[in-house]
Structure formats: structure tokens, C-alpha cells
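Trainee: Starting from the known structure of chain A, fit chain B onto it as the hints suggest.
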Amino acid sequence: MKPTMLNPGPLAIALLPLAIGLFVFYFYTYAREAQQARQLTGAQRNLLRFLRLGVALMVLAAITRPAISMVRQETRLPVLPVLIDDSSSMGYPDARENSVAVQGGGGKRTRFETATLIAQQLQEKMTLTHRVKIYSFSDTLKMVKDLPHRDSESTPAVSRDELFPSTMKPAGEYTNVGDALDSTLSDLSGDKISGIVLLSDGRETGGAPMKEISAKAAKFGVPIHTIAEGNEYPLTDLRIDEVVVDNEASMNDVLAVQLKVTNQVRDILDTEVTLLDKTTKEKIVRKFKLKRGSSTIVVPTVPNSVGVHDYHVEFPKYPDEVNVDNNAAEFSVNVVKRDMRTLLIAGAPNREYFYLVPALLRHPTINLACWLQSAGPLYTHQGHTTLQQLPKTSEEFKIYDVIILYDANPNKLEESQMAAIEDCVKRGAGLLVIGGPNFSLAAMIQVHPTLFRQLLPVEIDKSQLPNPDTVYDKPFKVERTDQGKTHETLQASGDPQKNDQIWASFPSLYWAHPIQSVKSGATDLLHRSDIKGKAGSVMAAMRYGNGRVLYLGINSFWRWRFPSEGFDFDNFWLRTLHYLGTKEEGGKQTNQVALNTDKSSYSPGEDVQITMKLLDQSLKSQMVGQKIYAGVSSAAEKAAPEMVYLSANPDGTIFQGVYHARQVGNMAVQVKIDPLNAGTDAKAIVDTPRVPFQVKLESLEARDTSANLEDMKAMAELTGGKSFDYHNMNEVVKLPEVIPSDPQVLSRAVTVEIWDGAIFEILCLLLVCTEWVLRKYWGLL
Amino acid sequence: MPPRSKWTFVLNLSLAGMLALTAVAARSEEKKDDKKPKPAEKKPDTAPKPAEKKPDPAPAPKPAAGDVKDEAAKAIAEKANEKGVQQLGKDPAFVLMPRPLDRSEMAQELMTPQVKEMVDKALKYLKNTQASDGSWSDGAEFNSNTGVTSLASMAFMAEGSQPRVGQYGVQVSKGMDFLIQSFQPATGAIAAGGNSSNKLGPMYEHALSTLALLYAWGDMPWRKVEIEEILTQSIQSIVYSQLKELKQGGAGWRYTLKSREGQGDMSVTGNVLWVLRTAKKCGFYVKPEAVANGVKFVEQCANPDGTFRYRFFGLQAEPSLGGTGVIALFSHGQLDHPLIPNAVKRIDDDYQTYTINDLKSRRYAIYGFFYASLAMYSQGDEHWVPYYKKVVQVLASMQGKDGEFHDEFGCTVYTTAMAAMILQAPLGYLPIYER
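So the sequences go chain by chain: A and B.
Under this note's numbering, the first sequence is numbered contiguously, ending at residue 826.
Under this note's numbering, the second sequence is numbered contiguously, ending at residue 692.
Bound conformation, chain A alone (with noise of 0.2 Å):
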């Protein structure tokens, strides 16, 4: 207590000659009364005058507004505010390994079961010390309840059902849990908060950043206390993501059923996959195992049937699955009868020959006609199709996909059936020309001069026939060009350093056929590696009308039985049909390029990656000097593509560029590459399908379903809290007794006036009453 006054300056000042008057007037008064006065005894005097002084005292006291002042204190209980996240991801299923998760609604283990379990485990303990009030937040903080305080524990606390009724739902849209923890420091600001509890998965979606507001609380010495719901991974899906396969395949050809898939059931899954043919009732099952996260499987099948088949592809479904649905797929694919009709000249039969016939007789899409030119008129030539004659005319000619001529007898092929050749692979027909030793193709341009020649991708010298007296016993390997491994032909595996490792196996060879230098126009692939520069091309493509022309200067592929046996010989001849065969309609040869995006669907503001990839590596001399751009457009709007730049990667083989992903719906993307100064009607390079992909709105909620359980901890860490996760959460009971529960003191100054108070008017009365009752005792008066 602190006596004051709370009015001492110019009120006093003002009353100054009003007191110094009265205290005139008194001592006169009393002067005039002294001479009566001098009957009294000098202490019945000095008591008058000490009372007259003191009423003086007091008036002028009462004047100058004495008071008292002095501190308040008040004692609360602390706020513990508990931070229910109820976005909808908190209605995914909790880690399967969290000790606390409890079976929920509907017979489902969510995240906010388990953090309103914790919640209501907690307020049963802290209200009894602490103010608990409960909040839920997803975009914004709501208030769920403000806990009444317990005495003791015989008074029941509120109970899980009331607290959190059946109606309250995880189904946020967001989970903005810096702004939520902002809110709490500011709603709370005038009160102690022993700590914040917060239950989330921890992944934010928006809003301020939590490690700002984590800080913010370290700042204010409030420990958050981390309860994160989930696990490190994404939700338990296996789900088929897209599912990549042509729109027509060939009867009795493989359709490759490319599945991307996104395994989060657990690292490397033994998996199975079921395809079922509806439309045949065929089913194949094979079995994989995958690698969490994001791969591509392919489930080659066979269709035997022409007409449109309807497939089902499916995994099982696997325990705590979010979704069970995505785990089938459903696609259809027209299936053609397009067999790839091969004629096979060859000039006599040699160890190739008994080899490349089997091998190509064995594929069911290749319809294959021999023609053995060394064989006599009874023999029955081999293949699918008998022959009686080798065609002569275009007409007859034209029925072949592929023509090869194995070390071909030129004395026995017609000007006209070399004219009705290279007529064919001007209109889209491949042309295998195998150099061998029996009649060479020096001997062949001899006979054919001009027409041959300008079909092969190589330059021959006419006159070097070969020398039989030559013995051929020094080995050579042979190398792939830069281009020949990125070549479709020379792809022994998919997998570029599994095809490294099997082309290492490729053993060693004696001879070959003998080149002047590969043509300006023409891609060598294969070389020898004893002969330095483009006389050492042992394989060279080349386009040629419409068609394709593929050189090979090797009879020995056999050699490569040894060590896959016929596996990587017989591939090695498919290939290379199929590159030479394959064409789309008109007879223009197709899979010039590869085009395609990196995803089928993408989120608005998302980058769109879109990769074309030269396929036939002829092309890089035509596009030589262009700038390569792709078209994207909605996919119904007729307005113009908006074109978006691809830039090439070092050997011009791969060119990329980014869209930004802005307008919802159907898009595509498309390149087009017209030859460099040629006019309107020219043919375009390339022109590849349109390829589709979707831009749409995705929940934010749903992209990334896994918990943030790093950041919760961080959170934890930095303001001094405990961290809960599924591997500690049994350890969640003992967080009560770190919570602090002192109570929050309030002290106030408080000044009480005492002048106007009744003691001292009753005083002052007093005073003058008794000086007035002594005055008239002792005759004064």
C-alpha cells in the first residue's frame, strides 16, 4: 500500500489564499481568544491548538486528494488449445502400425478417429489442470469446444460423443495449419498457453507456412506438441495409372499392354496381373514384383481374332486400401489381320539361310515366301506361301511388305523384277539387302548398275569382286554407331544398359562385306572395328521414296546363337523386319518419331513435358537447321495450336519442351516439320498423331496422401514440443505430464482515495467537535 495524492498541484495552489485566509483568521481568532486562554495550562492550550491544526490539516488534506495505492493479484488456470486437423485427408486410413488407431465408421481405421480418440484421452487428463479448449481447422480455426475445468476427477469429463459428434467430419477442402496455429496465438494472446496440441497429417495445402508460425510460437515460448496422423507414404493403392496400348494391333501379332502403375501398398510387392481378352475369354496372368512408387509394366498378349476386343486388366486388392477401384482397367483395341508379307531371295542356302528361315517362319505376323534361286525347277521353295516363280512384275511385287535379297544371284534377277523392286520401296516397302560372299553386290551393281545402286544406303565399288583364295581368319567385333544404339533394329533390350551388356555378347566375326563409304543420306548403325571411318559400316539404313532400305554387310549373325541361343538371332531379324515392314495407310512408312507427353493427366499450372524422339534416324538429315515446335490445343477448339518450342538434346535425336498447363479439359499435342524451303504441297517430314492428354482440376487434399511427418517434428523440435508419430505413438499417454500446468497470475495496481472516505470526515468531525466541546468546557466560548 502506497499513500498519495491524487490531486496535489493547482487545485491547491488556487486554494492556497483561501487556507492561508482561514489560517488568518484562526490564529486572530485565537490571538483575540489567548487572553482568555491564559487560564488554561499550557497543555490544555497546545491541545486546542494541535486540534485546530489538525482540522487545518485535514481540509487542506482533503483538498489535495490523499489516496492509497497498491497490487492486485489474480490466479487462472493455463489454456492448453488442442488442434484438430478435419481436412479430408484426415478421413484416409492411419498407419496401420500407429498402436493408438482404433477402428472407426464404416468399419475404417481414418487419421481423425484416431486424433479425436487422442484429443478425448487428453482432455479427460488436462482439464483437471489446465483450461482445455478444442479447436478444428482445415482452411480456417473453429472453435469445437471450450472444456468446462474439473476439481477432480469424480466430476465426469465431457464425453467423446458430445465433444465429437457423428455430424463433425474430416472433409476439409484444405489443411492451412500455419494459419490455424496463427489463429490460436492470437485468439489465446491474453492467456498463458501451456503448450498447443496438434493433431494433422502435417501435409499443408496452403496458407502461412508452418515453419513461420512454428517460429513465431518459439518466439512466444509455446511448445507445440506434434501428433501426426499417417505415415511416411502415400495411402495403401496399388492403382493402374493409365494404360498405354495401341488403338489397332495385328491378329497374331503381340499387343503390348504398357500399364503404369503406382504401387503404395509396401516396397516391392509380389504382385500378379490378370488381362482378360473378354472378348475371347482368354486370360493371361503374369507375375511382377514392383517397387513402391511409380513404374511401367508391360503384359504382352496375343490376340487370335480380328474384330474390336474388349480387355480387362486387374491386380488384387490388397488390405486398407483407399481405393479398390483403380486397381482394374478396362480398354479396347481393334485387332486387324495385317500379316507382314516378306519375300526372301535368297542366292544360295548358306548357314544364315537355315537359321533366318526358321526364324522368320516362326513369327506369326510374318508371312514369308522363299525364293532359292540355286534350287531346281521340282523343288518346292519354302514358306508360309509356296512360290512356283519369283515375281516379275510390280503388280506381283507390290503384295510384299519386305523384300530381302540375300547375297541375291544377279544373273538371275531381271532388269524389270530390279525396276518392279525399287518400285515397291519407293511406294512404302522395305528392302533388306544382305551382302554375301557367293555373288557379292559388286557383282550385283555389274548387273544392275543404275537402279541397285541407287537403292543401297552404301557405295559399292563394282570391281571389287571378292578374292575365293582369301582366307578370312582374323576376327573383328562389331561396334554400334552413336546412332545404332538408339536404333529400333539394333534394341536387343528396352533397358539401355541391359542392350549394352547383350551387344556385348555379340561375338566375334571373320568377314564382311566389303563398302566404299556410307551415302550423305543414310545412317550408318553397325561398323567394324578394325576399320576406322564410314568404309567400316557393316549396317546402314537409308529412306528411300516411301520405303526404307536397310543394308547389311554381315552373313554371320548366326554367331549370335551362342550364348542366348536362337533369342537374341531371331529378335534381331524381327526388328529389323518390323522396322523395314511396318507401315501405316497410303504405304508410307510410320514410327518415324515418338511423341508423347510425360503424364495423361496434369492439374492446371502444372508443366506438361513433351518429349519426340526420332525413331528412324534418317530423319536427322532432312531436319537439319529446322526449328522443331509442337502444337497444343484443346482438343474440340478449332482455334490455332499454341506452339510450344522443342529443343534438341546434343546428338539431335530427342527434343523437348515445356507447356504450362493453364485451360481445363481435352488437350493434344501434335508436331508437324515441313521441309525447309519446299512449297505448300510439299509432304511434310513429319506429321505425327495427334496424342492426347487432360488438364483438370484435382483436389489438393488427394495429391499427396502421405503424411508430413518430417515437418511435424521439425515443428515439434523448434518450439520446444513433443513430436508423436506411429513409431512413438504409445508413448502419446505421457504427454500430459510434460505439459506445464502453473497457473497464469494476473497483478494490478489499484489507488484508493481516502479524503471523501467516511473515516476521515468522521475524524476531521471529530477533531473540530472535540475543539469546539473544549473550548466550551474550558469558557472559552
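Errors might be hidden in some of the hints.
[Claimed, not checked] Computed spacing ranges between beta-carbons, pair by pair:
#, chain 1, residue 1, chain 2, residue 2, range
1, B, P643, A, N368, 44 to 54 Å
2, B, P370, A, P422, 45 to 55 Å
3, B, E335, A, Q433, 32 to 42 Å
4, A, D355, B, D359, 24 to 34 Å
5, A, P541, B, E639, 51 to 61 Å
Don't read these hints as lab results, they were simulated from the structure.
Virtual Cβ for every residue (Gly too), placed ideally from N, Cα, C.
Mentor: For chain B alone, coordinates are given in the frame of chain A:
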């Protein structure tokens, strides 16, 4: 190979028959009483065995790799295998046998360092024993024999050599030159004159020479016309020499050329059928009934238990003829011939049951191994791999210090050539090994 004289041959055959009957009887007893130890358990193996290899764990499914090409190839192979053996065209020479589903490393596993060393030594032995005229001689009775020369040349071809191409290109080329110069226009036979030829007749060596020339012909442009003429005549002479039809319809071949009298035998007929099918692959005309009747003859020599008799009228089964029987039966494009499964099973059982010593002490052991290897190779890895592993052990115990292999009559060239072909079969370089 043929016996050296009629009497020794008959004697040997009788002995073989008795041995075979004893073996069959022994096996019947084993089946009756399973508790009896099998011959393989009874007789200790003296030959060194390769270290026991633990069974490979089941191959784990591959992680998803998205390798469309590998998967596509596998799917096509599966589909083709579902169809089984395919016969295409009017006169199928190329029989399409089941293809591998996946890139297999089995061939590499089979070509062990031990095998490579054995092959290397065997080929060097053959190289060193070639005469300056390109021929090979074997034993006392096969001086500059075309059959032996053919087999030795094919052993080099199995290594990957071609005439004038490859490590042994010169040897192959010289061997072929010898065959060409041994051609006898008068008879159409490819057989050296004088006492170089088999005394019973030249058909064996003629057939083998024709086979070797068929494989070399396409790689010898410098003698192409000449060889084509020789082959045309030699094939004609084989077809002409088919013996008269039996009452049941079959017709085989015997040792003599240009004569249709006599009774055929399984060994020569099997070889000839093999040659005729190869000739068809190479563009030569062979009338279909010649092959069909030959196959019928082989059918008549077959026993219900999967063995074959040397002659159709005999009773005794010849163990070494099992492989010959199998490859002869599909000569007319019928790999799924109903007699083949039993014959294959019989070979399987033989090589699983008998010890190394049992097998190597058989008559014409390497001849039997060679034809069995051709048969088992055609039946896929399930049969081929166990067979090959066993026969490698047997051959390892038979190889001499110079790399040669002996038969019971002291011949070392044709046996070494056949052994080299067996051992090099995993390379897949010689088209006689088909599948």
C-alpha cells in the same frame, strides 16, 4: 561307324543284343523291387565328377522394367509353343520346333571351362591328324575315308568355322576339297577309291559326305557349280538306292549304292533320311515318297519300349540306335511322331540310370552319344541339359591325352569328331542340331 567285317559285325551285334537284353531284364527286376539298388548305385563311378551344383532357386520374377521388347518376344514365343511343332509349306524341310521363351544362359552354363578345354584339345587333335590332301584316316581300315573326313570337317563347322573363314577355315576347306575329288561320277558316290571305302559298301560315308557338302556348299562360291553338280548326283544316287519296298510299305537303305536289293538297316536309313531332309532345305528335289517310305521303315524297326532294332526283322534292340530313331522319325516333318516320346524317354532313362562306366563301355558308345545328342537337343532343355551334363562326364573320362577319343576298335578320328560336335552343341553353330 560300320563294322570292319561282316562276321565281326554280326558277332558284335549279337553280343550287344545280349547285353541289351540283360540290361532290360535287369531293369524289369528293378521295377518289380524298388528296394533293389539301381545299377548307378551299385557300380561306383571311377570317372571324376564335376562338383555338385546346388539347385538354383526358382527364378524370381523380374522387377517391373517396362521392357516391351523382351516381353513381346516372350509372348510370341509362348504363343508359338502353344502351337507345338509346325509344318509349313507343301514339303516341310524346316520343322519349326519350340523356341526359347526367354534369353537363356543355359548354353553359357553348359560350355564350362572344362568343356572348352576338351573341345580345344579335340579340335587340335583333328587339325593335327588331317592329311595333306585334306582327308582324315581312322584306324587300319579307314584310310582317307570320306565319312571320317566329313565328320572331322563338321566338327570344325560346329566350332563356327566355314570353308576359308574362321579359326579352322583352312581345314574345313581342304576337307571339302577332298570330298569333291573323291566323287565318283560313275556311281554318284562320294567315296575314296581302293580300300579306303567301307567293305560293305559306301553308303555311310557317302551320306555323311553329302551332308558335309550340303552344309559347306553355300559358303564355297569358288567351287559352287562343281559342288552343286556333285550334290545333285549324290542325292539322286541315294534316292535311287532306296531298297525295294517291304510288304508293309517301308523301304530303307543299306551299305550299297545303286542297288535296290537287300534288307535295310536302321543306322544307314536314319543317316540317309537326315541327309535327304537337309538336301531339301538346300534346294534339292527329293521325291516325298522316298522320305515317307524311309520313315515307315524306321517305324517298323521300333520296339514298343522306345528302343530300335538294327534290322526290321530282328528282335534285339540296339541301345546306340535310340537317337538315330528319333531324328529319323521326324525326317518327314513329323516331330510329334507318336513313337518319339517313348524313344526319348528311353534315352532319358538310359543316361540317368547307367553309370559313366556303363555308358562308356557300350559298343559304338560315341556313335550312340552323338545320335542321342541330336535327338535330345531337339526335345528341349528338359531332356537336353541332363543328357548333356551326363555325357560330358562320360566323354571327360574317355578323352586321351592328345585330345582324342577312342572306340573299342582303336579308331580315334570319327569318335573325336563326334565327341567334339556333341560338346559344341550348346554353341548352336551347326545346323544338324535343330530346335
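Trainee: For every hint, state whether the structure bears it out.
Mentor: Checked hints:
no.	hint	verdict
1	B:P643 to A:N368: 44 to 54 Å	holds, 50 Å
2	B:P370 to A:P422: 45 to 55 Å	holds, 51 Å
3	B:E335 to A:Q433: 32 to 42 Å	holds, 35 Å
4	A:D355 to B:D359: 24 to 34 Å	holds, 29 Å
5	A:P541 to B:E639: 51 to 61 Å	violated, 34 Å
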